[in-house]
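Construct the entire structure; sequences and hints are all you get.
Chains as they are written, first to last, in the numbering used here: chain A, 256 to 559; chain B, 85 to 401; chain C, 2 to 395; chain D, 386 to 644.
Since the hints were made in silico from the structure, they are not lab data.
Wrong hints could be hidden among the right ones.
Capping the alpha-carbon separation at 16 Å, the derived lysine to aspartate or glutamate pairs in EDC-like fashion look like this [unchecked claim]:
| id | chain 1 | residue 1 | chain 2 | residue 2 |
| --- | --- | --- | --- | --- |
| 1 | D | Lys-512 | B | Asp-265 |
| 2 | B | Lys-222 | C | Asp-180 |
| 3 | C | Lys-90 | B | Asp-116 |
| 4 | C | Lys-93 | B | Asp-265 |
| 5 | C | Lys-94 | B | Asp-265 |
| 6 | C | Lys-32 | C | Asp-95 |
| 7 | C | Lys-90 | B | Asp-265 |
| 8 | C | Lys-94 | B | Asp-116 |
| 9 | C | Lys-93 | B | Asp-116 |
| 10 | C | Lys-90 | B | Glu-362 |
| 11 | C | Lys-163 | C | Asp-180 |
| 12 | C | Lys-94 | B | Glu-362 |
Between beta-carbon pairs, the in silico distance windows are [stated by the list, open to error]:
| id | chain 1 | residue 1 | chain 2 | residue 2 | range |
| --- | --- | --- | --- | --- | --- |
| 13 | D | Phe-510 | B | Leu-102 | 20 to 30 Å |
| 14 | A | Leu-414 | C | Ile-193 | 32 to 42 Å |
| 15 | A | Ala-264 | C | Ile-193 | 19 to 29 Å |
| 16 | B | Phe-190 | D | Trp-511 | 18 to 28 Å |
| 17 | A | Leu-414 | C | Lys-192 | 52 to 62 Å |
| 18 | D | Gly-409 | A | Asn-440 | 44 to 54 Å |
| 19 | D | His-406 | B | Arg-95 | 56 to 66 Å |
| 20 | A | Gly-438 | D | Gly-409 | 21 to 31 Å |
| 21 | B | Thr-89 | D | Asp-535 | 46 to 56 Å |
| 22 | B | Glu-283 | C | Ala-136 | 51 to 61 Å |
| 23 | A | Ala-436 | D | Glu-399 | 53 to 63 Å |
| 24 | A | Phe-521 | D | Glu-399 | 22 to 32 Å |
| 25 | D | Trp-511 | A | Gly-421 | 30 to 40 Å |
Since the model is a prediction, treat every value here as computed from it, not as a measurement.
All C-beta atoms, glycine included, are put in the ideal place defined by N, C-alpha and C.
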Amino acid sequence: MTQLILEQALNGLQFGLMLFLLAAGLTLVFGIMDMINLAHGSLYMAGAYLTAAATQASGSFMVGIATAMLATAVLGALVEVTLLRRLYARNHLAQVLATFALILIANEVVRMIWGAQPVLLNTPEELAGPVRIGGFLYPAYRLLIIAVGALVAGLLYLLVSRTRVGMWVRAGASNREMTEALGINVRLLFTAVFAAGAALCALAGAMLGPLLAVQVGMGESILILAFVVIVIGGIGSIRGALVGSLLVGLVDTLGRAALPSLLRTFLSSEIASNLGPALASVLIYVLMASILVWRPEGLFPARS
Amino acid sequence: MGFYTTSTPRRIAAIALLAVLVGLPWMLQAIDQSFYVSLASRMLIFALAATSLNLVIGFGGMVSFGHAAYFGIGAYCVAILAEGGIVSAAYAWPVAIAVAALLALFIGILSLRTRGVYFIMITLAFAQMVFYLVVSLKTWGGDDGLSLGHRSSFGAFDLKDDTTFYFVVLALLAFVLMALDRVAHSRFGRVIQSIRENETRMEALGYPVFSYKLVCFVIGGALAGLAGALLVNQTGLASPNLLHWMQSGTLMVMIVIGGVGSVMGGVVGAVLLMSCEEAFVEISPHWQIGLGLVLLAVVLWAPLGIAGLVGWGRERE
Amino acid sequence: MRPARHLIAAAALLVLATSAYCAEVAKTTVKVGFLSTLSGPGAGLGIDIRDGFNLAMKTLNGKLGGLPAEVIIADDQQKPEVAQQVTEKFLKKDKVDFMTGIVFSNLMLAVGPAVFANQTYYISANAGPSQYAGAECSTFYFNVASQNDGLHEAVGKYVQDKGFKNVVLVAPNYPGGTDAMSGFKRFYKGKIGEEIYTKLGQLDYAAELAQIRSLKPDAVFFFLPGGMGINFVKQFVAAGLSADTQLFAPGFAADEDIIKAVGAPMLGMFNSSNWAHDLDNAENKRFVADFQKDYGRLPSLYASLGYDAAMLMNAAVRDVKGKLDDKTAVRRALEAKRFKSVRGEFTFNTNHNPIQNYYLRVIGKDAQGRITNKTMGTIFTNHPDAYVAQCKMQ
Amino acid sequence: MSERTNDSAATLLEVRAVSKHFGGIYALNAASLAIRADEVHALIGPNGAGKTTLIHALSGALALDAGQVVFAGDDLIGRPMHERVALGLARSYQITNVFSRLSVLDNVTIAVQGRVRDWGSSFSFWKPFALDSAIIDEAHALLAEVSLGDFAMRRAAQLSHGQQRCLEVALALATRPKLVLLDEPMAGMGPDESARMVDLIESLRGSVTMLLVEHDMDAVFRLADRISVMVAGRVIASDEPDVIRADPEVRRAYLGDEI
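Encoded structure:
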């Protein structure tokens, strides 16, 4: 039983850390530029496809990831400079719609280049099997994801909380006018943050690609989760994004694992097996709604 | 964006459009394309759904990203009641409206405490809950949806006939549009539009802003429920996809293309978007790129939508 | 533009009038509405059916029963409402003579009523919902594939016969998933460790795999169509579960498309099918060879079903000599099924579902070193479905 | 109404030891204040003394951490903003906060329309507003009163800054308050515009009680019946202008050598 809980906790951690990679960029873009970017998921998709393509071309997963991160960052910067910049001053509805349009375009472009069927991206041979930790087996690749996720989360935290650039970013998130008044080139900062966020998306796409599926529309389902994360955490807060990610990751994984058997203890098996998965899949939305009802600006609001 | 006003040219255009729509079945019959009558019904139903969202977003200024929930729940109500043997529109449709309104009331009470982005996201979250609940519940057909064997009975009218059904839909839509036009010019309409313009000021003028927004939100949900009830009659299926967040997005796209905060915006947007879909699908499998580009162009260069471009929406700034 | 349209309208009216007067006259062309899932995660299945169907049309020189055929292909995007819209267009605008192609049962159930009410024959090349085999069976529905439960029943039988004692079942939480479980349980009588229902479209199975690990079953039966199955198998192997637990799946979760995507981890997996590319009959050899030549890959079960659907239509049109408006004659011709299937012999039961053999396949390497299915033996011979008694077709 | 009694006039608003802190900083620190019916009461003090915070708290935009507020016999604590307005407490904003995209007339009609006690609630969905001539007439009269009669059909955003400030006050007056909180009505105005605002406030004297937050000392000493001085979240003095001018503590803390 302990082993089951431990394994599920690791799974939740792995899922949560990947969500964090997506949520980190999203929350900063959201916080600093007050911009809803639905196309964030498309960058994740682009990252996964580019990784698959580069891995296939080079034969190395590492090269694939590096190429994809760089290319996606450039792509992100391009989109920011040519399009998103025009939307900062607009209302949320305009932003939602324009970036919704970007999703449609991105999906179709990917479909034109790679076709409608999922693209193959396999786990590197040496990581395809399990490793033994403690008394049980755990997939090596998932461990790698946890390690990479934790490393990036740590680096990002140091970057944002300890460095000058990080200070600008935090200042930008809590008060944009003030930051401008301090003589910081906010435009450049925006582009840089956006490109960095895109690179993190690509990393998440690359890491999750072999585990899940590299397919059109892969960005949308995870995008919604990333939004749930940053709304729970408080928009603009890296700390909030991390807490929110881990919360969503754990609640989702443990909920799916535990709810059906939990329900079975006091409901008939038939009803439990029907209701269990239903409740498990709405659990994170219940979590988000209750947090928002309790604290309408999330757990760690960046603005006061 | 001042208050919505209906100018004479606008009235004339609306009446002309109505005349064309009334004559449509005969025109289609003349060119032996009666098949398109049911497509036209579907367009009008989506026009109704978009109009209900336009009341919430365009007039009330509440950017709800979960409107598909009410649309879908209306459809499911009719299908569920039909399973239980209640097939009369006189019962089933009002129940669909009432259930959608209750859902909107519940979601509204909790969501309207939040502002801006948080509101967008919390309405989305609630809609996702409804979506996953419906998909997971086998009694409601789960992922398969719930099919409706026969269209609702509607007094002396035979809704199984596509043309009759079309006219019922058209009549309801026309009534809702007329009512929306009246509401826009009523005291309530002015209040919600003013809240859209400046919420804190309205509160400081003594308006219980929350109540007004809630009422507007609930009316929007109720109308979406009616649209859902009609749609399940048109297609014969309450599908979980009606509740999907992409459906909420599509309704938003419709009103933005048509004109946010314009009485006819939802109609213009729905008809335009769905005709483009019909036409583009024939041209290229990658037609969504075209749709995306058009949408981008509208957002960037025609923020008041088509209704705004032709001077049919609110005045330009 | 306008005169042209009038001309077309007039011509259409003329055609309508003549056809009304000469209902018994043979048609000049046969129209087939092919509706399938051609985009999205389930696209692989629809594409295989389409390619199989197209291959048959090519073999038949574009003719069905000697008449020139027009095949209208449309994508249902795996959405019931899209399927319904296209169907409406097929029936009312294009006025097709046959429909076929649907992969997913929920879409079949969504469009079925309209098709049957319109008295159009539907030849199913995959979807075999229990409703249409039982209480809601229709004279206008012919299933050339198998009733949905068939493959699951076959696996259940095999797992039972092999003496497995503790089995965990995994399926998506939707009617097709529960049907799969009940099909399996109809013939497997041992202990069920757990029935795990996942979200439809789920791609990460970490939580479920951890649960399976803690249950320590000796076999796992999973029904996860398309991409879901690909991920499940990959993650199952990565979690190190394949050492102690044998995987079983119905044929469509272990078909060539999945093997192509997963590769080596699939090796050694048992599955059931009513067709296999190495079945030894002349039609099948020709089909497999032609398919590989045209598409550069091994055909899947789906492709074979699309192929058979076209062959059945061909036989029926030929047997009624093109008089497709005589619905009873068409029905009798379809029921007679005068063509040789690539899966060997099968017949239609009274509910228009097949009575056929089910085979055991295992995934291994063939002579050329390709990873593919190998037929191991027959699980069921002339097996009918479980719902035929409920069908009250006159 | 114009009868003014100097000493024993009824207290309309009683603020008792209210506090509000943001993080560790006290914006209001046990501040107390009493405003008598029909007076013009000025609230002065250096920037950051807590004047605007107090206005926000009184109007209901901010919740207080401690203290009591009694307005015309009603306890205001915990009441939402719109209920306070219904009780007769209105405010204007320091930074112009009008409906900039609506016409000037629509700005005022929507403000007049909000008076539930006169017209009932606005949950009226069918009757065209154009038929509510009483509301429209009153709005025109009010615009004439604040010298905006000629600009009724302009979009509010097109008005000059001074005119927008007048509209701001008009919106507050349209609710027919007993007490109006004027938060720096002369902010950003030129001398001519300021003079007009002083005249406007002067003309309202006696018909409505006013709490005036203002930095323009000339205007304050011209208009105020009594003055309260706020420093660091406390009210350190509250008295008639002459007394305040002479108060050494006030001079030291705030007025300095200005006067």
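Hints, one by one, checked against the model:
| no. | hint | in the structure |
| --- | --- | --- |
| 1 | D/Lys-512 - B/Asp-265 | holds, 11 Å |
| 2 | B/Lys-222 - C/Asp-180 | holds, 12 Å |
| 3 | C/Lys-90 - B/Asp-116 | holds, 14 Å |
| 4 | C/Lys-93 - B/Asp-265 | violated, 37 Å |
| 5 | C/Lys-94 - B/Asp-265 | violated, 37 Å |
| 6 | C/Lys-32 - C/Asp-95 | holds, 8 Å |
| 7 | C/Lys-90 - B/Asp-265 | violated, 35 Å |
| 8 | C/Lys-94 - B/Asp-116 | holds, 9 Å |
| 9 | C/Lys-93 - B/Asp-116 | holds, 11 Å |
| 10 | C/Lys-90 - B/Glu-362 | holds, 11 Å |
| 11 | C/Lys-163 - C/Asp-180 | violated, 23 Å |
| 12 | C/Lys-94 - B/Glu-362 | holds, 14 Å |
| 13 | D/Phe-510 - B/Leu-102: 20 to 30 Å | holds, 22 Å |
| 14 | A/Leu-414 - C/Ile-193: 32 to 42 Å | violated, 51 Å |
| 15 | A/Ala-264 - C/Ile-193: 19 to 29 Å | holds, 27 Å |
| 16 | B/Phe-190 - D/Trp-511: 18 to 28 Å | holds, 27 Å |
| 17 | A/Leu-414 - C/Lys-192: 52 to 62 Å | holds, 54 Å |
| 18 | D/Gly-409 - A/Asn-440: 44 to 54 Å | violated, 33 Å |
| 19 | D/His-406 - B/Arg-95: 56 to 66 Å | holds, 57 Å |
| 20 | A/Gly-438 - D/Gly-409: 21 to 31 Å | holds, 29 Å |
| 21 | B/Thr-89 - D/Asp-535: 46 to 56 Å | violated, 22 Å |
| 22 | B/Glu-283 - C/Ala-136: 51 to 61 Å | holds, 56 Å |
| 23 | A/Ala-436 - D/Glu-399: 53 to 63 Å | violated, 41 Å |
| 24 | A/Phe-521 - D/Glu-399: 22 to 32 Å | violated, 56 Å |
| 25 | D/Trp-511 - A/Gly-421: 30 to 40 Å | violated, 57 Å |
Violated hints, listed in ascending order, are 4, 5, 7, 11, 14, 18, 21, 23, 24 and 25; each of the other numbered hints is respected by the structure.
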